[in-house]
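Residue numbers (our numbering): 219 to 358.
Hints in this document: simulated from the structure, not taken from any laboratory. Do not rely on the hints blindly, as some may be mistaken.
[To be verified] When the alpha-carbon atoms are kept at most 20 Å apart in a straight line, the in silico EDC-like pairs for lysine to aspartate or glutamate are as follows:
hint : residue 1 : residue 2
1    : Lys243    : Glu255
2    : Lys313    : Glu291
3    : Lys329    : Glu339
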Amino acid sequence: MEWLLIAVSTGLVLMNIRLMLIVKKQHINNSSPEIHEKMAQFVAQLEEENNELYNKLTTYIKNSETQLVERVERLEQTKIEQIDSPEKSTVETEKIIQLSRQGFSSRQIAKVLHADFGEVELVLNMNNKQYSNLKEEEVL
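Using the sequences plus the hints, can you model the full thing?
Now the structure itself:
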């Protein structure tokens with residue numbers, strides 16, 4: 219949107235310059251007050267349109283900045299909430315590991331903790347992998 223407004227403004231300015239050159243050539247050929255008056259009206263109209271486009275562009279940019287600031291604030295708020303939630307996931311992970319050590323299956327653990335079966339499987343697989351890595355390090 220911004221680029222479109224800038225392109226239109228640039229086009230209008232270029233058209234204005236071209237018309238000024240045409241008027242200058244005609245002025246040399248015949249300096250008619252009617253041509254000057256029409257050109258002045260046209261230039262005034264172009265300036266008015268240019269000012270309107272500029273105002274629309276600045277309004278659009280301000281709105282975009284406001285929306286971005288609000289979005290950043292929302293993202294920061296969710297980040298703060300996510301920082302608070304790792305304690306919950308750590309406790310849940312420990313419960314999954316503890317129930318697994320007590321002999322419960324992944325499906326039973328998921329049912330007891332009201333968690334997804336895939337999540338339970340993932341936690342147990344990651345725990346087994348860490349445990350096997352620790353054993354390998356001890357052997358070395």
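Q) Which hints from the list above does the structure break, by number from lowest to highest? A) 2
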